[in-house]
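2 protein chains.
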Amino acid sequence: MTAATAGADKKPMSKSKAEILDAAAEVFMKLGADTASIDDVARHLGATKGRIYHHFPSKGVLLAEVCLRAADFVHEVVGPAVDASATPEANLRRMIALHIPEILRTLPYHKVIIQSYVGMNQKSTTALERELFDRIRVERRQYEDIFRNILKAGIEDGSFREQNLSIALQSVLLLINAPVFWYKPRKNEPTNFVADLTDQLADMAVSALR
Amino acid sequence: MTAATAGADKKPMSKSKAEILDAAAEVFMKLGADTASIDDVARHLGATKGRIYHHFPSKGVLLAEVCLRAADFVHEVVGPAVDASATPEANLRRMIALHIPEILRTLPYHKVIIQSYVGMNQKSTTALERELFDRIRVERRQYEDIFRNILKAGIEDGSFREQNLSIALQSVLLLINAPVFWYKPRKNEPTNFVADLTDQLADMAVSALR
Chain A
1 MTAATAGADK
11 KPMSKSKAEI
21 LDAAAEVFMK
31 LGADTASIDD
41 VARHLGATKG
51 RIYHHFPSKG
61 VLLAEVCLRA
71 ADFVHEVVGP
81 AVDASATPEA
91 NLRRMIALHI
101 PEILRTLPYH
111 KVIIQSYVGM
121 NQKSTTALER
131 ELFDRIRVER
141 RQYEDIFRNI
151 LKAGIEDGSF
161 REQNLSIALQ
171 SVLLLINAPV
181 FWYKPRKNEP
191 TNFVADLTDQ
201 LADMAVSALR
Chain B
1 MTAATAGADK
11 KPMSKSKAEI
21 LDAAAEVFMK
31 LGADTASIDD
41 VARHLGATKG
51 RIYHHFPSKG
61 VLLAEVCLRA
71 ADFVHEVVGP
81 AVDASATPEA
91 NLRRMIALHI
101 PEILRTLPYH
111 KVIIQSYVGM
121 NQKSTTALER
131 ELFDRIRVER
141 RQYEDIFRNI
151 LKAGIEDGSF
161 REQNLSIALQ
171 SVLLLINAPV
181 FWYKPRKNEP
191 TNFVADLTDQ
201 LADMAVSALR
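Heads up: the protein sequence lines correspond to chains A and B, in order.
In terms of full-length UniProt numbering, the first sequence opens at residue 1 and continues consecutively.
In terms of full-length UniProt numbering, the second sequence opens at residue 1 and continues consecutively.
Calculated from the structure, these hints are not laboratory results.
Note that the coordinates shown come from a computational prediction; the quantities given were computed from them, not determined experimentally.
Do not rely on the hints blindly, as some may be mistaken.
As the list claims (entries may be wrong) - With a straight-line cut-off of 30 Å between C-alpha atoms, the simulated DSS-like cross-links for lysine-lysine are: (1) A/Lys187 with B/Lys30; (2) B/Lys15 with A/Lys30; (3) A/Lys152 with B/Lys187; (4) B/Lys152 with B/Lys184; (5) A/Lys184 with B/Lys187; (6) B/Lys30 with B/Lys15; (7) A/Lys152 with B/Lys184; (8) A/Lys15 with A/Lys152; (9) B/Lys184 with B/Lys15.
To be verified - Some chain B residues flagged as far from chain A (calculated, every beta-carbon gap over 12 Å): (10) Asp22; (11) Asp34; (12) Ala127; (13) Glu129; (14) Lys152.
Glycine included, each C-beta is placed from N, C-alpha and C at the ideal position.
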């Protein structure tokens with residue numbers, strides 16, 4: 001499976017399921033995934049708990065599906081953008097230019113990922129939850145591999161400096177995910193804020209590697 | 001209060017209190033701060049709950065003190081290293097060269113910080129807990145300001161490129177804290193691993209700013 005076709009085996013998501021995931025991401029972000037309950041999500045959605053349980057058998061599954069969708073969002077946007085004929089630097093810039101607006105567009109999902117970062121597996125008890133968290137790891141790994149390949153190509157062709165690939169990869173990924181930690185949408189945000197932020201982080205990431 | 005004297009107003013910590021904080025950091029890291037109990041910390045320490053409650057009136061206070069100490073560790077090592085006569089780049093390299101080994105030395109504390117990153121305040125209910133979390137915010141801000149001043153000086157003297165200072169600051173801080181997310185001490189770790197990691201991240205951070 002290539003990056004561009006990751007997810008091609010997935011069924012399209014129903015509007016109802018997507019709405020529940022949006023609400024869950026919002027509620028988990030605000031209350032913390034540990035504290036928030038299915039009741040809180042239902043209340044936010046103005047729906048019954050039954051509607052949520054129809055799609056998600058437990059809070060653990062709902063949380064896992066939020067994390068999985070977070071990975072899917074960026075993967076589906078960035079994966080197809082890699083151009084085998086472009087330079088590593090051009091590819092990296094293009095990937096970052098798509099990655100950053102996408103994480104800001106789907107910010108609550110990525111905030112939940114951070115919350116769940118440590119000990120994601122400690123609390124998942126059912127087989128279905130474990131299976132979902134395994135899928136999240138695979139999908140994240142696939143997404144990271146798109147970046148790993150570009151960094152590797154850049155080190156090999158000399159456009160990036162000789163360095164430990166894993167450290168470089170983790171550092172670049174954290175750099176381009178940095179806004180998840182601090183970004184808060186503001187009413188009076190300058191219209192070009194996201195574009196400027198994206199440019200600056202692309203510059204920083206490319207410079208950091210050179 | 002300058003960076004170098006931050007904490008000068010604090011009483012030295014008793015060995016008993018420091019031992020409890022070390023144990024708490026370890027247990028919170030492993031079990032998750034939400035899941036772990038005072039009982040778990042006592043068991044890890046081979047001590048009674050009473051000994052812990054003698055120093056820390058609640059789990060919330062214990063968690064806050066772990067987070068506060070995490071901030072103190074790096075602040076006390078990095079703060080005094082700033083040399084007003086050195087260039088911004090030389091200062092930044094020196095700060096990073098101290099910061100990274102220190103976060104690896106005190107890794108469990110910093111892993112707990114990540115866990116507690118989102119919604120740190122949502123669960124703190126007592127006045128003492130709120131006061132502690134306010135102090136954490138102040139101390140973290142003071143630590144960030146050391147870096148902010150160096151970045152600002154570098155942009156002003158042209159050694160770093162003209163860019164949004166806040167974005168640059170958050171990005172560099174995340175870059176040099178990246179190992180907290182992925183580093184796991186290994187038995188067969190090459191002896192120069194930490195030194196190489198530190199060099200690479202210092203190179204990346206400085207290059208990212210130029």
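Here is what the structure says about each hint:
no., hint, verdict
1, A/Lys187 with B/Lys30, "violated, 40 Å"
2, B/Lys15 with A/Lys30, "violated, 38 Å"
3, A/Lys152 with B/Lys187, "holds, 27 Å"
4, B/Lys152 with B/Lys184, "violated, 33 Å"
5, A/Lys184 with B/Lys187, "violated, 41 Å"
6, B/Lys30 with B/Lys15, "holds, 23 Å"
7, A/Lys152 with B/Lys184, "holds, 23 Å"
8, A/Lys15 with A/Lys152, "violated, 39 Å"
9, B/Lys184 with B/Lys15, "holds, 27 Å"
10, Asp22, "holds, 18 Å"
11, Asp34, "violated, 5 Å"
12, Ala127, "holds, 21 Å"
13, Glu129, "holds, 15 Å"
14, Lys152, "holds, 16 Å"
Checked against the numbered hints listed earlier, the structure breaks hints 1, 2, 4, 5, 8 and 11; every other hint is satisfied.
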